[in-house]
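Colleague: Next come the chains, spelled out residue by residue.
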Amino acid sequence: MTQQYGFFIDSSRCTGCKTCMLACKDLKDLPPEVNFRRVYEYTGGEWTQDGDAWRQDVFSYYTSIACNHCADPACTKVCPTGAMAKHENGFVIVDEEVCIGCKSCAMACPYGAPQYSEVKRHMTKCDGCYGRVAEGKKPVCVEACPLRALDFGPIEELREKHGTLAAVAPLPEDTYTHPSIVIKPNPKARPVGNHDGFLANPREV
Amino acid sequence: MTERRDETMSFMSASPTRRQLLQAAGWCGLATAAAGLSSPFSWSAMAEPAASGVAAASKGIDKTVWSACTVNCGSRCPLRMHVENGVIKWVETDNTGLDVYGEHQVRACLRGRSMRRRVYNPDRLKYPMKRVGRRGEGKFERISWEEAYDLVADNLKRVIAEHGNEAVYLNYGTGTLGGSVTRSWPPANSLIARLMNLCGGYLNHYGTYSTAQISFATPFTYGTSADGNSPSDIANTKLLVMFGNNPAETRMSGGGVIYHLAEARARSNARMIVVDPRYTDTAGGREDEWIPIRPGTDAALVAGLAHVLITENMVDQPFLDRYCVGYDETTLPPEAPRNGHYKAYILGEGPDGIAKTPAWAASITGIPADRIIKLAREIGSTKPCCIMQGWGPQRHANGEMSSRAVLMLAILTGNVGISGGGSGGREGSFSIPFERFPTLKNPVSTAIPVFMWTDAIKRGPEMTALRDGIQGKEKLDVPIKFIWNYAGNALVNQHADINRTDEVLGDDSLCEMIVVIDNHMTASARYADVLLPDLTTSEQMDLVMDASAGNMNYLIFADQAIEPLFECRSIYDMCSEIAARMGVKDAFTEGRTQEEWLRHLVEINREKDPALPDLDSFRAAGIYKRHDPDGHHIAYKDFRADPEGHPLKTPSGKIEIYSQRLADIAATWELAPDDVIDPLPIYASTFRGWDSPERKTYPLQLTGFHFKARTHSTYGNVDVLKAAAQQEVWINPIDAGPRGIANGDLVRVFNAEGETRLHAKVTPRIMPGVTAMGEGAWHSADSSKVDHAGSINVLTTQRPSPLAKGNPQHTNLVDVQKVA
Ligand code: SF4
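Protein chains in written order, with UniProt numbering: chain A, 1 to 205; chain B, 1 to 820.
Rather than coming from a laboratory, the hints here were simulated on the basis of the structure.
A portion of the hints provided could be inaccurate.
[What the hints assert, rightly or not] Here are the simulated DSS-like pairs of lysine-lysine, each with C-alpha atoms no more than 25 Å apart in a straight line:
#1 B/Lys63 - A/Lys138
#2 A/Lys138 - B/Lys625
#3 A/Lys86 - A/Lys138
#4 B/Lys63 - A/Lys137
#5 A/Lys120 - B/Lys722
[Said to hold, decoys possible] Each pair of labels, with its calculated beta carbon distance range:
#6 A/His178 - B/Asp288: 31 to 39 Å
#7 B/Pro738 - A/His195: 20 to 28 Å
#8 A/Gly193 - B/Asn499: 47 to 55 Å
#9 B/Pro738 - A/Thr175: 36 to 44 Å
#10 A/Arg203 - B/Pro318: 50 to 58 Å
#11 A/Glu160 - B/Glu289: 33 to 41 Å
[What the hints assert, rightly or not] Per the computed footprint, the stretches of chain B lying under chain A, defined by three or more beta-carbons under 8 Å from a beta-carbon of chain A, are:
#12 108 to 117
#13 760 to 767
Remember, it's a predicted structure, so these values are computed and weren't measured experimentally.
Just so it is clear, CB atoms sit at the ideal spot from N, CA and C, and this is done for glycine as well.
Please model the entire structure based on the sequences and the hints provided.
Modeller: So this is what it looks like as structure tokens:
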């Protein structure tokens, strides 16, 4: 493997607009139920009445996640056919010609990245837009972001620039798969494993 | 017809095509192509998986064409249509330059990126149709274009002959915005207006569904509808206070207001305080404080803040003395009653005798008094401070006074007309002047408030200037008999109280002819008598502009990406053909085609502004950007620098905190007992408000908000957007709990006007006692009039606000129940 590529996710800037998700859907021609990129809303806080008025400590923030092209992917390990494999430059890609659609990878991946396509009858997943990357472009989600809250590049470079945080609530611990992502946390971010809040948009991700 | 559509649709679900492509061009092809590039990849070493999609992204594309998203979000984005075999295969956006702030790309939001699924939508209107069933039932019969043109022209002639030109109305419609030829808004600048102006004119309206109250009320203060500093100027502020201003969900473009806010605030590190009943995406964890407020009580918060500013000596007295009228007795106009000034109102020395203390404001707004005091001290002691309001606070039954009240914070603290400050209005923008298609002058000067057209159908001749806001005449002489509804969904979906609208329109002896011109079978289209299928922006050429874009604005060359689908025709062709039947074709076209008009417009604009590109270079470049030569737009800068040399357009030339014109209106207009108009920006409670007696039956307030899945109702039929951002009613756990409602449950939201069913978003992001839903969902009612789409306008009222006679679509009371 030459080097590992990955995503930078600036959750302090993300407004949850989902342009990344829809730009991806457009380019990859995905149906409504398949989301190569997903935007998670984590929300919490309590309200208490104070006379006629209210007090609260509400917080909310978004984290946009696609496939993390993990250093130690869970999906490839369980794939019975070898269709899901880690390729050069760290891209984890499903060979759609080989995949039999058994969904083992979907169950193994803690991020929900591999998704079954009813139309294609096999698994589909973010491929890091390796074709665009080969042409010197960035993945379509990155170039689409209206807030410039996403970036992409060699993960070591991203880590040098932005640090090594790779998990915040409601994401899983990064020790499971060593995701190739760097997160700039939202000012209100809660650490991974925190239960102050809840995943507020389960039907959208 | 059907065949053509099927062919198009198979491209939409495209997998075979794409896969064939992949196999043909394939991984190996890509590897070869990549090898020639200076990239760190060594693709040949890789296996050859046939991965989905993107390997083929740049393969097979015959051409890339600049187009635009021309909807009413307040932004405006370029789109780059990648076309293969005459079909749009994917949608890109501005990809030019290095994308550094100031030289940034204008990046489309999720909706623009989904344009392909709007163009090739199963709801597309395919050919002209005429109504066959009851109006609104949605039964139509296909007709030829010739028959359609004849039907429209014959009815237009008949209505004009029988009732006069004032019986013809151009309904508000913002579905095609920012174009030079195609724009539907303002209707008075649309091609329909040009056609009608050549045929004797039509009944005007004033105001908009977006800004009825603020644009009517704030000129009483500033002489013009409140201008604001450019959001790029947030780079120079220390404190930003947003009253119901939420660009992350309203002006979402990556070259628009939210992007400027993010970049400019990153430079100033300004504190940001968000005053809103909802914890918005603009807040999104970036706020220094969220101050939840009961809908419709912004003026009470302002009064409470003013009480602190005044009693703690934090007002800018020299500014108030020199630039303003009516703050205290020194500048109170002689006609005004003693103690009719603002300071007296706040301190309890005015007619109501109530001191507007923080405790008083707390009981109304739901904001604790200590928070009000802290906010006032922060605003009073931070210079400069930028107060910005959005258009949510004004879209209320007391929105005129709320919008004028928010201005007071900027005025009291002397932040008007300076960099880093602001007027208290909504943000402004630099713009590039560009003369559009001339639409001629309307010989008719009579105008109704934009919101009052259903009344004008039902009881037109009863409507008067003093009771119903009729302008240009003492009263309407004739009811509306003919409606042009071009690229608009305010005929049904976006107008208040859909069930009443259905009754008014359902009686075709009232309004006799409704012509709807649109792309899709919207709720409004279902009420057409004649339904004409329009081209989308992708199917024709236009020059597009009018973004709120901070200090870098742009013109977009929206070229024709694909051939017209089905039998759709351009608005220009439709109007030309109807003009022919009305005997005014030559005057209408002046012998030019649409493209010839565009060339002509570019040339006449280049005469005035030689820096503009000619049409062909513009076409090749796709987007023309220009920076504000002044750095940032600063509202009322000239007035601040030289109030005598640059007076405001108010009668006094100054900022009128006390408006004698409003005092006169309050004294002469015929108002309902609970309608309040006041010369000062006071707080008044309203019908359907938080303290209304109706709240016993309908205990929850309901407001609408702009939702990312749609621009108002546009894009509301795009499946991927509907799934990605789902229509839900927001309700606090404190209200959901006793009702047995859990996050995601199906609920009914109802009041005396109607009922809608949708899923609940149980979230602390909305204040207790308040609910909210995104406006614009496509009305979809069953036979008992229950809507199943979460369309808010089955719950809103057609009773107008007192002064602007505007749409109070955020002033609602409802109850919510779990659907068993
Ligand atoms: S909806 Fe507005 S922000 Fe989004 S792409 Fe269209 S013009 Fe741009």
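Colleague: Determine for every hint whether it applies to the structure shown.
Modeller: We went through each hint and held it up to the structure:
For the hint linking B/Lys63 to A/Lys138, the alpha-carbon distance of about 21 Å falls within 25 Å, and the restraint holds. Between A/Lys138 and B/Lys625 the alpha-carbon distance is near 24 Å, which keeps this suggested pair within the 25 Å criterion. Between A/Lys86 and A/Lys138, the direct Cα distance comes to roughly 19 Å. Compliance with the 25 Å bound is thereby established for this hinted pair. Of the pairs offered as hints, the one joining B/Lys63 and A/Lys137 holds, with about 19 Å between alpha carbons and a cut-off of 25 Å not exceeded.
Between A/Lys120 and B/Lys722, the direct Cα distance comes to roughly 22 Å. Compliance with the 25 Å bound is thereby established for this hinted pair. Against the hinted window of 31 to 39 Å, the Cβ-Cβ separation of A/His178 and B/Asp288 comes to about 35 Å, which satisfies the hint. Range check, B/Pro738 to A/His195: about 24 Å between beta-carbon atoms, so the 20 to 28 Å window is met. Between A/Gly193 and B/Asn499 the CB atoms are about 49 Å apart, so this pair conforms to the stated range of 47 to 55 Å.
The hinted window of 36 to 44 Å between B/Pro738 and A/Thr175 holds, with their beta carbons roughly 42 Å apart. Between A/Arg203 and B/Pro318 the beta carbons are some 56 Å apart, a value that agrees with the proposed interval 50 to 58 Å. Against the hinted window of 33 to 41 Å, the Cβ-Cβ separation of A/Glu160 and B/Glu289 comes to about 34 Å, which satisfies the hint. Given as covered by chain A, the stretch 108 to 117 of chain B passes the check, having 8 residues with a CB less than 8 Å from a CB of that chain where 3 are the minimum.
Taking a C-beta to C-beta cut-off of 8 Å, the stretch 760 to 767 of chain B contributes 5 residues in contact with chain A, enough for the three needed, and the coverage statement holds.
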